[in-house]
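Engineer: Given next are the chains, with one letter for each unit.
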Amino acid sequence: MTTLATLLRHPQVQGLSFLAALVLGWEVAADVGVLRPYQFPAPSRVVEAVWEIATSGFPEGVKLTTHGLVTLGRILQGFLLAITLAIPLGLLIGWFPVLDRMTLPVITFARSVATLSLLPLAIVWFGTGELSKVLLIAYGCFWVMLGNVVAGVKYVDPVLIRAARTMDASGLVLFRRVVLPAALPRILTGARVSLGVGFMVIVGAEMIGTIRGLGALIMEARTFYRADISLAGIAALGLLGFGFAIGLGALERKLLPWHRGLEDVRR
Amino acid sequence: MSGLTGAPATGDAARPKIEVVGLAKRYADVDAAQPAVLERIDLTVAENEFVSLVGRSGCGKTTLLNIIAGLIAPSAGEVRVDGKAVTGPGGGKGMVFQQQALFPWLTALQNVEFGARTRALSPAARRREAEQLIDLVGLAGYAERYPAALSGGMQQRVAIARALALDPQILLMDEPFGALDEITRIDMQHELLRVWSSRRKTVVFVTHSISEALMLSDRVAVMRAHPGVIAAEFRIDLPRPRQRTHAEIVALHDRIWRHLN
Ligand SMILES: Nc1ncnc2c1ncn2[C@@H]1O[C@H](COP(=O)(O)OP(=O)(O)O)[C@@H](O)[C@H]1O
Ligand SMILES: [Mg+2]
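If you're matching them up, the sequences are chains A and B in order.
Reminder that position 267 of the first sequence reads as 267 in this note's numbering, one-by-one numbering, no gaps.
Reminder that position 149 of the second sequence reads as 149 in this note's numbering, one-by-one numbering, no gaps.
Isolated chain A, as found in the complex (with noise of 0.2 Å):
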């Protein structure tokens, strides 16, 4: 017994308890009737249908390993695309009064454009090859990347800035010393959310010409009538993103190692 409540105590335990119980009352609900299968198919029917992409493949031959490179394929290159532009260029902007002035309005309408509404045009610039998609992605990300990063310059701690001043830390030294330490915190916040829209992002990037990806498999099962396959492709998905959040948090407290201090007081 007491063995069972240290172990309830874990934060890891918790968690996974909560989200068994609530998959346990999915599947009694499916079982009893409730919902209706072709809607919300049981969990044990889920699984099934992992199985069957996994083995014989959705469609027939496309496997589920397939769907997931291919997304994570995607989800990478329009990420990276997007942070290796966003980083140096909100660094500018944020540590020249100037340049943020120009941008501002620049970046507020860019970011406030819902990024699936291009899809449309992203299919005439760049057809409906990988390009768009990535492109599609890499829009998404960036505008949210750049948003952060330069809001992570811009207010460094003005009293940081001035203690560095009288330690003669002038220009580049105090820019590589102070402001991108200072900054880091908030960039690396950036990276995760920009991450999450491009998770989001994904599904309907892969609406355009290609059965290959989760996405794509999300979207194809539905003129199946295959709610089965959807969930499943949700899943994988989910688990695809948990995975990266969780490696992006081990990036964190790898460069963060000062802010591990403040996750106590959180506690």
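A portion of the hints provided could be inaccurate.
Derived DEER-like restraints, expressed as beta-carbon distance ranges [stated by the list, open to error]:
#: 1; chain 1: B; residue 1: Trp-257; chain 2: A; residue 2: Tyr-155; range: 36 to 42 Å
#: 2; chain 1: B; residue 1: Glu-182; chain 2: A; residue 2: Phe-96; range: 44 to 50 Å
#: 3; chain 1: A; residue 1: Pro-97; chain 2: B; residue 2: Pro-239; range: 51 to 57 Å
#: 4; chain 1: B; residue 1: Asp-187; chain 2: A; residue 2: Val-13; range: 43 to 49 Å
#: 5; chain 1: B; residue 1: Pro-16; chain 2: A; residue 2: Leu-172; range: 56 to 62 Å
#: 6; chain 1: B; residue 1: Ala-33; chain 2: A; residue 2: Pro-105; range: 42 to 48 Å
#: 7; chain 1: B; residue 1: Ala-179; chain 2: A; residue 2: Gly-238; range: 44 to 50 Å
#: 8; chain 1: A; residue 1: Thr-108; chain 2: B; residue 2: Asp-254; range: 35 to 41 Å
#: 9; chain 1: B; residue 1: Arg-235; chain 2: A; residue 2: Pro-105; range: 58 to 64 Å
#: 10; chain 1: A; residue 1: Ala-114; chain 2: B; residue 2: Ser-57; range: 45 to 51 Å
To list a few chain B residues with every Cβ distance to chain A over 10 Å, as calculated [unchecked claim]:
#: 11; residue: Glu-19
#: 12; residue: Ala-32
#: 13; residue: Thr-63
#: 14; residue: Arg-80
#: 15; residue: Gly-83
#: 16; residue: Ala-85
#: 17; residue: Gly-88
#: 18; residue: Arg-117
#: 19; residue: Leu-139
#: 20; residue: Pro-147
#: 21; residue: Ala-148
#: 22; residue: Ile-183
#: 23; residue: Met-188
#: 24; residue: Arg-255
If you're looking for bench data, these hints aren't it; they were derived computationally from the structure.
Cβ atoms here follow ideal geometry from the backbone N, Cα and C, with glycine treated the same way.
Please build the complex by placing chain B with the ligands on the supplied structure of chain A, with the hints as guidance.
Structural biologist: Just chain B with the ligands now, with coordinates in the frame of chain A:
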């Protein structure tokens, strides 16, 4: 100014280190009808002298210190160090800020090393100097901690060590103990005097505590607000460490208090 007081500052035999001459400050974005933040400030600090600025909050102490540091420009008048006009920060003027200003991404030791960055020392010698300063402020054993894992008093000690790491001739301190509880504060005052006696500096020390100024300083300049002026100066020719209950301290406390009201 000193003519206002019964204990006028004696003519400084020592060489003036800092001269503040006819200084005035008006923040640009503030209504012109408002009185200036600082007006006609004249202050001379001798080499190795410890001068405190006391005054109510809002009377312009931080502004004056920032101008002496070269962090903000005056509207009129000038600050001279060793006879040369101050045009910017750096160049041997160490500063301890009113707010927490340590770099949170650096350990205590690394913060202090940052202060010693521009000194002509080998990396090993710089590290040794930083370690000695950490010891000097009584933080041996805490060198590898990040600021977030230090108490407020410890953080202020690191900030003092970091400012000392510049090996500055001038140390500017803006209410460095203002956020501390009284017990820690008194400890820190002793600590500062100990540090100051082992590494002589010219110190300008801002505080809103009259007794703190009286325990520490050679001279106390009393500031008044709207506009911010130096209303009086008092010299304290008592050996340190001083007793809070010493008759002269008690009498000076009283007189400064009256000047503030
Ligand atoms: N950046 C600023 N812009 C406008 N007014 C300021 C600024 N900084 C300080 N002040 C004003 O100047 C006065 C003196 O402030 P400060 O020097 O911080 O006083 P103290 O340190 O004595 O409390 C206050 O009235 C404050 O509101
Ligand atoms: Mg102040």
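Engineer: Each hint should be assessed against the structure and marked as holding or not.
Structural biologist: Right, here's what the structure says about each hint:
1. Between B/Trp-257 and A/Tyr-155 the beta carbons are some 41 Å apart, a value that agrees with the proposed interval 36 to 42 Å.
2. The hint said 44 to 50 Å for the Cβ distance between B/Glu-182 and A/Phe-96, and at roughly 46 Å that hint holds.
3. Take A/Pro-97 and B/Pro-239: their Cβ atoms lie about 52 Å apart, and the range 51 to 57 Å holds.
4. For the pair B/Asp-187 and A/Val-13, the supplied restraint of 43 to 49 Å holds, since their beta-carbon distance comes to about 45 Å.
5. One distance hint, 56 to 62 Å for the beta-carbon pair B/Pro-16 and A/Leu-172, is violated here, with the actual separation near 36 Å.
6. Against the hinted window of 42 to 48 Å, the Cβ-Cβ separation of B/Ala-33 and A/Pro-105 comes to about 35 Å, which falls outside the hint.
7. Distance hint check for B/Ala-179 and A/Gly-238: the Cβ-Cβ separation is about 46 Å, which falls inside the suggested range of 44 to 50 Å.
8. Between A/Thr-108 and B/Asp-254 the beta carbon distance is about 59 Å. The supplied range of 35 to 41 Å is therefore violated.
9. For B/Arg-235 and A/Pro-105, the hinted distance range of 58 to 64 Å is satisfied, since their beta carbons lie about 59 Å from each other.
10. Taking the beta carbon of each, A/Ala-114 and B/Ser-57 are about 49 Å apart, inside 45 to 51 Å as hinted.
11. The non-interface label for B/Glu-19 is consistent with chain A: the shortest C-beta to C-beta separation is roughly 20 Å, beyond 10 Å.
12. With a cut of 10 Å on Cβ distances, B/Ala-32 stays outside the contact zone with chain A, its closest approach being about 25 Å.
13. At roughly 13 Å, the least C-beta separation between B/Thr-63 and chain A is larger than 10 Å, which holds for a residue marked as non-interface.
14. With a least beta-carbon separation of about 18 Å from chain A, B/Arg-80 lies farther than 10 Å from that chain, consistent with its non-interface assignment.
15. Once the 10 Å rule is applied to beta carbons, B/Gly-83 is consistent with being away from chain A; the minimum gap is 21 Å.
16. With a closest Cβ-Cβ approach of about 17 Å to chain A, B/Ala-85 is found to remain outside the 10 Å limit, as its non-interface label requires.
17. Not every CB of chain A lies more than 10 Å from the CB of B/Gly-88, the least distance being 8 Å, so the non-interface label is violated.
18. A Cβ of chain A approaches the Cβ of B/Arg-117 within 10 Å, the least distance being about 7 Å, so the stated non-interface status is violated.
19. With 10 Å as the threshold on Cβ separation, the claim that B/Leu-139 sits away from chain A holds: the shortest Cβ distance comes to roughly 17 Å.
20. Interface exclusion of B/Pro-147 from chain A breaks down, the closest Cβ pair being 8 Å apart, not more than 10 Å.
21. Once the 10 Å rule is applied to beta carbons, B/Ala-148 is inconsistent with being away from chain A; the minimum gap is 3 Å.
22. Every CB of chain A lies more than 10 Å from the CB of B/Ile-183, the least distance being 24 Å, so the non-interface label holds.
23. At the 10 Å boundary, the C-beta of B/Met-188 stays outside the reach of chain A, the nearest C-beta of that chain being 19 Å off.
24. Distance check on B/Arg-255: its Cβ is at least 34 Å (rounded) from any Cβ of chain A, clearing the 10 Å threshold; non-interface status holds.
Hint check: violations occur at hints 5, 6, 8, 17, 18, 20, 21; the rest are consistent with the structure.
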